[in-house]
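Start from chain U and add chain P according to the hints.
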Amino acid sequence: MASLTPTLRPLACWKSILRHTRQQKAATRSLTTFRKPKPFTGPIADQVPTPHVNRKLKVLPPPPSVAALYKEPIKDLTEDQIRVLDPTGARTRLFSKTNTEAAKVGDVLLVRLKNGDPFAGVCINIRRRGIDTGILLRNELTRVGVEMWFKIYSPNVEGVEVVQRRAKRARRARLTYMRKPKHDMGSVQSIVAAYQRTRVGARTSNANDEGKKGGKRKVKGKK
Amino acid sequence: MIQLKTMLNCIDNSGAAVVECAKVLKMKRHAKIGDRIIVVVQKQRNFSESGPGASVSTSAANKVRRGDIRHAVVVRTKKKLQRPDGSVVKFDDNACVLINKAGEPIGTRLNGVVGTELRKMKWSKILSLAPMHL
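In order, the protein sequences belong to chains U and P.
Here the first sequence is numbered in the working numbering, starting from 1 and rising by one per residue.
Here the second sequence is numbered in the working numbering, starting from 1 and rising by one per residue.
Rather than coming from a laboratory, the hints here were simulated on the basis of the structure.
Where a beta carbon is used, it is the ideal one built from N, C-alpha and C, also for glycine.
The reader is advised that the hints may include incorrect statements.
[To be verified] Selected chain U positions facing chain P (in silico; Cβ < 8 Å):
no.	residue
1	GLY145
2	GLU147
3	MET148
4	PHE150
For reference, chain U alone in the conformation it holds in the complex (with noise of 0.2 Å):
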């Protein structure tokens, strides 16, 4: 090609070189993304078809489903939880619906909190969802009525004490008519004063080992 362009511009052949191979290059860059066919195997005589034999398919069993290793996730999933938060089962057992003994609606629960400073009430309502498990208290603080929904599962909440049961079973699931100035019990200090009155009473005369968790073998104690 290069011998073909006239002599009198030398510089003129470069340009049709390197068109020359730009398109070349083009080719050969078009043609790497072709899928290539199969090459062509022999002449068409050699592909006759075989006759129909009744071939049995190989049928691959399905994969093991997770919904079978899982029947309940969500189930399984809150137990886990929960063993994590309440590794020794007892809030569990104190708020559960079948143990006659658990805190109920109408007592007066004590919730021990890890900041120090506890919060005491009348609980009106348990809201039973698992791991968010929860319970609303209410008191008078200072003549202003407080409520306070804890969550019995949370780290924060260290443990949780029954200060006094409800004389008579309560025919309500939730008490929230004890808002009503009729019903309300107003503050229960004075009852939670002296609950742990008798508590610390009781731990000085009893024994030296009971520590923070005082709390909780007292409710486990109750049972």
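Just chain P now, with coordinates in the frame of chain U:
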């Protein structure tokens, strides 16, 4: 849920007993515990009920008068307030503490429990005055 026209108890000794919310500051929604609002004093503490023209000698210690427009901080709400740890707190009334424009409380004493959210909102002066926080 403190918004326009909400009546709040004033729990400090500034002289106001009941105030009405006139504006929630710095946001376009209702105020919660720790939020700053503008209030109008509606009712004075220890105010003689003989009439509007009565002497205010009994309220000489009162730093605010009926009709005054002041800033205030919400310290208790009836609306449930959820904490980051999942616990929820709810009080039986809406209450606030009057402050001046600089953010210092006008009263010198508080009577009543206040929400701990005030700490998060940097109202430590009010928290230290309060007899109890929750």
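(request) Check each numbered hint from earlier against the structure, then list the numbers of those it violates in ascending order. (result) none
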